[in-house]
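*Asks:* Order-wise, the sequence lines are chains A and B. The numbering of the first sequence is numbering that gives the first Met the number 0, which starts it at 0 and goes up by one. The numbering of the second sequence is numbering that gives the first Met the number 0, which starts it at 0 and goes up by one.
To be clear, the hints were calculated from the coordinates, so they are not data collected in a lab. Model, not experiment: these values are computed from the prediction. Do not rely on the hints blindly, as some may be mistaken.
Stated by the list, open to error - In silico DSBU-like cross-links for lysine-lysine, where the CA-CA straight-line distance does not exceed 35 Å:
# : chain 1 : residue 1 : chain 2 : residue 2
1 : B       : Lys293    : A       : Lys124
2 : A       : Lys108    : A       : Lys403
3 : A       : Lys429    : B       : Lys395
4 : B       : Lys32     : A       : Lys291
5 : B       : Lys293    : A       : Lys291
6 : B       : Lys200    : A       : Lys403
Unchecked claim - Covered stretches of chain B (in silico footprint by chain A; criterion: 3 or more residues with CB under 8 Å from a CB of chain A, positions within the stretch not fixed):
#  : stretch
7  : 210–220
8  : 228–239
9  : 273–282
10 : 332–343
Virtual Cβ for every residue (Gly too), placed ideally from N, Cα, C.
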Amino acid sequence: MTSLTTEILVIGGGSTGVGIARDAALRGFKTILLDRSDLATGTTGRYHGLLHSGGRYVVKDPVSAKECIEENVILRRIAADCIEDTGGLFVETEHDDPSYAAEFVAGCKKAGIPVEEWTVAQTLKREPRLNPRIRRSFWVPDAAIDSWKTVWANARDVQAHGGQVLPYHKIIRLIRENDTVKGALALNTRTGEEVTIHADFTLNASGAWAGQIAEMAGLKVTVLAGKGIMIAMNHRLTQMVVNRLKRPADGDILVPIRTVCVIGTTDVRVPDPDHWPIEAEEVQFMLEEGEKLVPGFREARALRVWGGVRPLYQPPTLGNVSDTRDVSRTYTLLDHPQTDGVQGFLTMTGGKFTTYRQMAEVAMDAACRYLKTERPCTTATQALPDSVEQKFYWLGARLAHREKDLHGDQLICECELITRQRLLEAFQQKGADLDDIRRTVRLGMGPCQGGFCIYRAAGLSHQAQFSDSQTTNHALLRFLQERWKGVQPLMWGDQLRQARLDDWIFQGILDVEHLPMNDRREATNNPSQSSAVHGHSS
Amino acid sequence: MNYDSIVIGAGYAGLMTAYSLMRGGQKVLVLAKGYGRTHLATGMIDVLGYVDGERVTRPLEAVARLRTPQPGHPYARLAPESLRAAMALFLNVMSEAGYVFAGSIDENLLLPTAVGAVRPVALVPQTMVAGDVREKTPLVIVGFENFKDFYPELIAANLARNPLSITARAITLSLPTLENDADVAPMILARAFERAEFRRKLAAQLKPHLKAGERVGFPAVLGVDKAPEVLTDLQTHLGARIFEIPTLPPSIPGLRICRALERLLRQGGARVQIGHPVVEGRVSGARVEAVAVKSAARLKWYAARNFILATGGVAAHGLEVDSAGAVREPLFNLPVANVPAPSQPRFAAAYFGEHPLSKIGVNTDSEMRPLSVDGRPVLENLRVCGALLAGAEPWKEKSGEGISLASAYQAAQVILESRK
């Protein structure tokens, strides 16, 4: 049993959690962050990657719209390396109500969101694949942001400021002495060791899982889980973010991010944030809506489908919610000392990736008040590591980097331009779980879906002694199963052809199905109960 | 110019049908949009490796037993003698080409794969035969730092953990003789092995590490057209038996087979035209009259008495599945069998599970003519062979080449006999 002592304990390694941990560490607090899994495996790593201008919410949810534009401006300053400044369009198609435009423009002005009407001709010149029958088009400062990269950068900065980031630490219980939360008991799921963390103050940043954590402190917090599915297409069908000019609905946004574009999303309330299906009808609906924005969408290759659950806080006053689209996208700080008389514990939930930094600031301001210390927040001005130069990411960045040293190193993943050196560094940081590696360096996320690089990565991990053969075999088979979950609902056209080629490689040539395993059942038949697709293919 | 037969597709099925017809005296044209599965597969000849997850020891017997539980399997519709004759023919053809194969369809060999699994297979080129793990002498697997498609440590570790109690270890060498390149492609490496100087240097580097009695496994890149010579020479230098292990595409051993067959076809007077797709067929009544190739932005028509459709399965565009789940054979719109109903799932949740869509394909009669849903031939002079046939999961069963060669043989025999 390990025992750790800290000033601030943050529970949850999504954007909110790492944001709070960084905010705390920069204010000079001794900080520890825990997550039951790897960082950014909950909602953060499973969204389409939109840096909201706020435009989507100006009519329906103006509070959220205002938060979005404030943070849009700040993140462009502090997280430039994670952002591609694509710009965004709201286009009115023949299916959309023409009266919405006036409300939209008025809402943008009110929220302080720059907006500019473009002619249809001008729009089609920039985005020639868009439906030529669009009627109006408005530019807003939407952008694409890489949520994984943002989370890693925050986590690294926590460590750089003396904090500890502990993934794969599952909370067993909160330590509550009388009316005060004094830390947590956690299980290191990688080693099986129990870890006690004594903390002066504990922040619950577990998003859609916040109710489960709060319950451990004897508190009732209702966070609804709103499932959204997204599909990554194999190409950037548009170069700018494109929204339908209407109230937010299903399948009405296309986000170009890195080499793909992502269509999103649905919004369905699910009872359990860990277990929910991706329905064939949802996929078909996305394709139909995509067709309205980009004719021929259905014939384009769909690369991967995944889903995530939005944390939607339900105040006790709100009553029963039937449509999760109607729950505000703004964030909520639950002041447990004040409302529940439980000291040393706050819950920050709801909100959006775009507002993660502001949420962290608000949460830590409150924590400082209870800790009776005045330490100003500096995250709005202090850039993340790699973003200090304030240069936006651009699509050719990886290739440009690679071209500097074309013959010096092996390219293990041709699709995502990952070199042997980069991969070995990732193994060093993250261990040999290929799914963790996938999220860290985007291994196996390109068009070949790991057909070539996963064999290489497995071989390399074993060769460099990051894993023994047994662990390597498990990692390889687990990767194949996880990948299958993300591609199986999209098995048609070229995507099916690719999958079949991969079948020929992994089964036909390598016969991975008959690798020596200690547990044969696990080797050959491991459909996880959860359909929560490990996604973010963007 | 009129042909006796036009073969569409240049995989194992297409090339071998063309070969048989040519040897039978026919004027043959092969049309293909590109190279076939030879370049993507192992370069070994599978007949049947697994049935219901159980490893097959005696493939010919297992094929015969398949008829009752799997009447829809291609093997169930092929005459048993076709398989045996097709294999004998393939062995002869490869000997004629100077690329000798070994093994038999009576008993599978057990060869290591590039992850160190042990895989059953019927026929393999001489360059691979010494890897058979049914023999108990120790193995040493050799890889190269500069070559990213082969990991000897993982292979050896997995072999050593195999219940068959195999003794195996790994050596990784650097290939300094290849000019300043950290990332050597398989074809470059295969060409390098064809140079005597390269082999001599490599052997000098490797030999001190070898122990007496060890068999030496290399990635399957030991030369392109000169593989047998490379093998003999390296064995002499190293004083050890050596063997190749197939790895990721492009497949050098598959390429050797394809080049050998293409060469024999051309030498024998057949015409082989690879690089332009057949996009259309002209059908009159129940007969195919001609097919059109798209080249230089126009259609060029070719007529013949017989047509052989060997365009492959889903991976090769021989079958197409659209986003609504509809399946079609794009060239003649042939009836496709085993398509799950729209309300039924097409795939299982487990990657290694039973996927209903996996066995889609064209059903044929014993003359390899495509059948309608009610079991009547739809086109009289069109024969279907290879991966387009319904009822198999060759990547899982390890049956791909066997089905291709046997169906190719049977299609060719039917055509040649009908002329008599």
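*Asks:* It remains to establish, for every hint, whether it holds in the given structure.
*Replies:* Each hint, compared with the structure:
Restraint check for lysine 293 of chain B and lysine 124 of chain A: the C-alpha separation of about 33 Å stays at or below 35 Å, so the hint holds. With a C-alpha separation of about 45 Å, the suggested pair lysine 108 of chain A and lysine 403 of chain A falls outside the 35 Å cut-off, and the hint is violated. Of the pairs offered as hints, the one joining lysine 429 of chain A and lysine 395 of chain B holds, with about 33 Å between alpha carbons and a cut-off of 35 Å not exceeded. Restraint check for lysine 32 of chain B and lysine 291 of chain A: the C-alpha separation of about 34 Å stays at or below 35 Å, so the hint holds.
Of the supplied pair hints, the one linking lysine 293 of chain B and lysine 291 of chain A holds, its CA atoms being roughly 33 Å apart against a limit of 35 Å. Using a Cα cut-off of 35 Å, the hinted pair lysine 200 of chain B and lysine 403 of chain A holds, with the two alpha carbons roughly 31 Å apart. Residue count for the stretch 210–220 of chain B with a Cβ under 8 Å from a Cβ of chain A: 0. That is fewer than the three needed, and the coverage hint is violated. Counting residues of the stretch 228–239 of chain B whose C-beta lies closer than 8 Å to any C-beta of chain A gives 0; at least three are required, and the coverage claim is violated.
For the stretch 273–282 of chain B, the assignment as covered by chain A is violated, since 0 residues bring a beta-carbon within under 8 Å of that chain's beta-carbons and 3 are needed. Residues of the stretch 332–343 of chain B with a Cβ under 8 Å from some Cβ of chain A number 0, which does not satisfy the need for three, so the listed coverage is violated.
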